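Asks: Here is what each chain is made of, one letter per residue.
2 protein chains.
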Amino acid sequence: MTAISPSIDGVAGFQVAGVHAGLKKDGALDLALVVSECDCVTAGVFTRNKVRAAPVLLDMQRLADNPANIRAVVTNSACANACTGTLGLENARTTARLTADALAISAEQVLVMSTGVIGEHLPMGAIARGIALSSAGLSDDWAAAAAAIMTTDTRPKLASVRVECAGGSYTIAGMAKGAGMIAPDMATMLSVVVTDAALELGELQNALSSAAQQSFNRIVVDGDTSTNDTVLLLANGKSGVHVEDADDLAAFQEALDALTRYLAQEIVRDGEGVTKFVTLDIVNAATVADAERIGQTIGASLLTKSAFYGSDANWGRIVAAAGRAGTAFDPDRSSLWVAAGESPSEPGLQIFAGGMPADYQEADAAAIMSAPAMTFKLDCGLGQGNATIWTCDISHEYISINGDYRS
Amino acid sequence: MTAISPSIDGVAGFQVAGVHAGLKKDGALDLALVVSECDCVTAGVFTRNKVRAAPVLLDMQRLADNPANIRAVVTNSACANACTGTLGLENARTTARLTADALAISAEQVLVMSTGVIGEHLPMGAIARGIALSSAGLSDDWAAAAAAIMTTDTRPKLASVRVECAGGSYTIAGMAKGAGMIAPDMATMLSVVVTDAALELGELQNALSSAAQQSFNRIVVDGDTSTNDTVLLLANGKSGVHVEDADDLAAFQEALDALTRYLAQEIVRDGEGVTKFVTLDIVNAATVADAERIGQTIGASLLTKSAFYGSDANWGRIVAAAGRAGTAFDPDRSSLWVAAGESPSEPGLQIFAGGMPADYQEADAAAIMSAPAMTFKLDCGLGQGNATIWTCDISHEYISINGDYRS
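From first to last, the protein sequence lines are chains A and B. So in my numbering, the last one in the first sequence is 570, and the numbering has no gaps at all. So in my numbering, the last one in the second sequence is 570, and the numbering has no gaps at all.
A few of these clues could be false.
No distinction is drawn between identical chains; accordingly, a pair holds when it is met within one copy or between any pair of copies.
In the DMTMM-like style, the derived pairs of lysine to aspartate or glutamate whose C-alpha atoms are separated by at most 20 Å in a straight line are [unchecked claim]:
{"id": "1", "residue 1": "540", "residue 2": "493"}
{"id": "2", "residue 1": "401", "residue 2": "411"}
{"id": "3", "residue 1": "187", "residue 2": "525"}
{"id": "4", "residue 1": "401", "residue 2": "303"}
{"id": "5", "residue 1": "213", "residue 2": "495"}
{"id": "6", "residue 1": "401", "residue 2": "327"}
{"id": "7", "residue 1": "540", "residue 2": "527"}
{"id": "8", "residue 1": "540", "residue 2": "525"}
Honestly, the hints are just simulated from the structure, not real lab data. The structure presented is a predicted model; accordingly, all values stated were derived computationally and were not measured.
Produce the complete structure using the sequences and hints provided.
Replies: What follows is the structure, encoded as C-alpha cells:
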C-alpha cells in the first residue's frame with residue numbers, strides 16, 4: 164500500500180500561494196497560484212460536458228499547442244467564467260497574461276482554472292489584484308492554495324506521496340476542490356497535481372487519464388456534471404528522477420492512483436450536506452463499464468441517497484436503480500450485502516439473494532447503516548466486470564445549500 | 164381543446180371499489196377493484212426497468228395471451244410485490260384467481276397491479292379480505308378506488324372526458340397514482356384508464372403507447388424509474404360507439420392524450436414535497452428525442468431542482484444540465500426564457516442569449532420564479548425537435564419523506 168500523507172511539505176521546484184483577491188465577499192481566500200521554477204511537462208483531463216467554461220477551452224488549447232513548457236496554474240474561486248462568450252474567453256486569456264507578466268514568463272506557459280457561479284463575468288480588477296498579491300508571496304503554503312480554490316467545500320483537500328525508486332526518490336502532491344455538482348465525468352471538480360519526477364508527455368497523460376478514471380470519475384455526489392472540471396498534472400523533473408522503465412512507471416501509476424483516489428474520496432466526504440460516506444462495490448457485472456454505470460446510477464439515485472440518509476436498508480431502491488442503469492442486469496442472479504466502514508474485510512450482512520429478500524433482521528441492517536460509513540457489495544452474477552464507486556447520502560442541508568447558493 | 168373533468172361520474176359497464184384490506188397500518192384505503200360487466204379489449208404500457216415486479220410480469224403475459232377479454236383490474240398499495248421471486252409471482256397469480264372467483268370469471272381475465280415497498284411479500288390474508296370486500300361493494304365511487312391506489316400521494320388523481328362523434332358519444336376515464344420515483348419511462352406510476360367505446364386491439368395499443376409517450380413519459384419528479392410502472396387501457400364497447408375511421412380515431416387519440424396529460428401533470432403537482440410546478444419547453448433541438456432527453460436531464464438535475472426550490476434563476480445550471488444530456492447541444496446557439504405560469508402565452512424574460520447572460524435584472528427573474536408555476540423555454544437553435552417536459556423542485560420535505568418512508 165502507498166502511504167498517502169494528508170498534507171504537502173513542499174515539492175522541489177514548485178511554489179504556491181493562496182490569497183484574497185476580492186471575489187469572495189467574506190474576505191476568504193479566493194485565488195491560488197502554483198508556479199514551477201522550470202518548464203513542466205503537463206497532462207490534463209477535462210469535463211465532457213458540451214458546455215465548456217472559458218478556462219477549459221483555453222487550457223485544452225494550451226495543452227494541445229504547448230504541453231512541454233508550462234510554468235504556472237492560476238485558479239480563482241467564486242466565479243466559473245462559464246457561459247460568458249467571447250468576453251469570457253478574453254478574460255481567461257488576460258488572466259493568463261497578467262500572471263505571465265508578474266512571473267516574467269510567457270502567457271502560453273500559464274494555465275487557468277475557475278470555479279463558482281456560472282454566467283457571470285470575471286471581476287478583472289480583483290483578478291489582477293490577486294495575481295499581484297500571490298506572485299509576490301510564493302511559498303510552500305499549499306494549505307492556503309488549497310483553501311483558495313474552495314467554493315462550498317468546508318475544508319481544503321490536499322495530499323502528497325513520496326516514491327522511492329532505483330534512480331532516487333520523488334514526490335507527487337496535489338490539491339482538489341469539489342463539494343457539489345460532483346458526478347461521473349468529474350463535475351465541478353478542480354485538481355492540480357504536481358511532481359518533481361520527470362516523465363515523457365505520453366506516459367504522463369496516460370498515467371493521469373488512467374488515474375482519473377479510477378478516482379475522480381468514480382465518485383458521485385449529486386449526478387450533475389460541471390462545465391469547469393479540470394485535472395492537471397505538472398511534472399518538472401527537479402528531483403532528477405526520470406520515470407521511464409516499466410517498473411518505475413508502474414510505481415508512479417500506483418502512487419498517482421492512490422493520491423487521486425484519496426483526493427476523490429475527500430471530495431465525497433466533504434460533499435454538500437453529506438452525512439454518510441457510501442462505498443458501492445459492484446462485482447461480476449458483464450463488463451467493467453457496466454459495473455461503473457450500475458454503481459453510478461445507484462450513487463446518483465435520489466431515492467437510494469435519501470435511504471442512506473435515513474439509515475434505511477431499502478435495498479429495493481438499490482436493486483431498482485441497478486435495473487434502470489441501461490446495462491445488462493438480472494435481479495434473479497444478483498445478491499447484495501451491507502457492512503459498516505469504508506473498506507470492510509467481509510461483505511457483511513446479506514440483504515438480497517438471487518431476486519429475493521435475504522433472511523435478515525431489519526434492526527441489524529439499520530444498525531449497520533447508522534454508521535457514518537457503509538459499504539454495499541452488489542454481485543451481479545453475470546461476468547467479471549468490477550468497479551468501486553464512492554458516493555454519499557442527500558440531506559436537508561444539501562437542499563439548503565443549493566436552494567440558496569447565490570444569495 | 165378537449166374539456167377534461169377532474170372527476171368520474173361513471174362509465175357504462177364499469178364498476179369500481181376502494182376498500183381497506185389491511186395493508187396500510189393507518190386504516191386507509193389500500194385495495195382497488197375495477198370491473199367491467201363484459202369483456203374488454205385491453206392495451207398496456209409497462210416499465211422499462213430490467214427489474215420488473217411480479218404483477219408486471221403477470222400482466223405482460225396476460226396481455227400477450229389474452230388481450231381481448233379482460234374483465235377486471237385489482238390493485239393494492241403499500242406493497243410493490245417486487246424482488247419477491249417465485250413466491251411473489253405465485254402471490255400475484257393467487258390475487259388474480261381470488262378476484263376471478265369472487266367475480267365468477269376466469270383468472271386469465273384479471274390483471275393485477277401493486278405499488279409500495281419493494282422486497283416484501285404480499286400479505287395474502289389482507290389481499291383476500293380486500294378482494295371479498297371490494298367485490299361485494301362495487302359502485303361508481305371512482306374517488307374511493309383512486310384513493311386506494313395512493314402511496315405517498317396526498318390526493319387521489321382521476322379525470323374523465325366525454326367524446327361526441329358521428330356514431331354517438333362515449334367516455335374515457337382514468338385514475339393514476341404517482342408521488343415519488345417518477346421519471347421518464349414512468350416510475351412508480353400506476354394508471355387504469357377505461358372507455359365504453361369499442362376499439363380494435365392494435366388501434367387501442369397504438370393510441371395508448373402514443374398517449375403515454377407524450378404524458379407519463381414526459382414527467383420527471385426525481386429521476387428514478389420504478390419496477391412496477393403500469394398503464395392499462397380497457398375498452399368494453401358498452402356505449403355502442405365503434406371507433407374505427409380515421410376521424411374517430413383522431414378524436415379518440417386527442418381525448419386520450421388530454422386525459423393522460425392531465426393525469427401526468429397531476430402526478431407532478433402532487434410529487435413528494437413539491438412546491439413548484441415547472442414546465443420545460445425545449446424547442447429547436449436536433450430531434451424530438453434530443454429535446455425529450457435535454458428536458459429530462461434538466462428536470463432530473465438536483466442542482467436545477469434545488470434552484471427552482473430557492474426561486475433562484477440560476478440558468479447556468481439549466482444550460483450545464485443540457486450540456487451533459489448526451490445529445491447535440493451548443494450553448495452559443497441557445498437561448499433561454501422564463502415566465503410565470505404553466506403555459507404562458509409569451510416566453511417571458513430572456514435570461515440567456517447565444518452563450519451569454521442576457522441583459523436582465525436578477526430581481527425580475529426571482530419575482531417570476533417565486534410563482535408556484537413557471538415555464539422555461541430553451542431554444543437550442545439546432546433543428547426542429549420540440550418536446551415539453553413537466554417537472555418540479557426538490558424540497559426539504561422530499562428528503563424527509565424518502566429518508567423515512569418505511570418506518
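Asks: Of all the hints numbered above, which does this structure not satisfy? Sort the numbers upward.
Replies: Going through the list in order, the structure violates no hint and respects every one.
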